[in-house]
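J.: Sequence:
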Amino acid sequence: MISQIRKANTGDTKSIASLIESLRLDMAGFVWNEVKFIEKQIQNGEYFLAESAGSIVGIISLRQRKNTIHIETLAVAPEHRLQKIGTQLVDFAKSFTKERGLRDLCACSFFEYKIGNFYTRQGFLLRPDPGQYDGHQYHIFVAKV
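Throughout the sequence shown, residue numbering follows full-length UniProt numbering, covering 1 to 145 in sequence.
The set of hints was computed from the structure by calculation and includes no laboratory data.
Values in this document were obtained by computation on a predicted structure and should not be read as measured data.
Backbone N, C-alpha and C fix where the C-beta goes; we use that ideal spot for every residue, glycine too.
Among the hints, erroneous ones may be present.
Label-pair restraints from in silico Cβ distances [unchecked claim]:
no. : residue 1 : residue 2 : range
1   : A53       : R127      : 31 to 41 Å
2   : N67       : S15       : 15 to 25 Å
3   : Q132      : M1        : 10 to 20 Å
4   : L125      : A53       : 31 to 41 Å
5   : N44       : S95       : 11 to 21 Å
6   : K36       : P130      : 21 to 31 Å
Throw the hints in and build the complete structure from the sequences for me.
T.: Next up, the structure:
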């Protein structure tokens, strides 16, 4: 169970990078676990951490593009999966979107992650045409909140 979701600070960079490393794909353009990339997102106020008993158990990065909030990264520590932490982070993203007066929330997930049903269970619709990044296809999910 999550005790809090808080905004990340630069002291959290290594913990975030470590957690994202479990998602690493073999591609030259995989930047999500790079310290400079993470620090920039933290400075922009885009990273939030789910904590339980003082430990980081999940992360989410949210970025506004035009009138849509995008879930840039969502990860749960392997030892804390299947505990509804991902669902709580998506609920946080929905609230975050509403608080900004927006209605559209988008998430993408590389095919390799095989978690497409996770987002549809959260009320997202799967777009029929996948995206592509550095030779890897990804699902695009959209939700109205």
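J.: So which of those numbered hints doesn't the model satisfy?
T.: 2, 3
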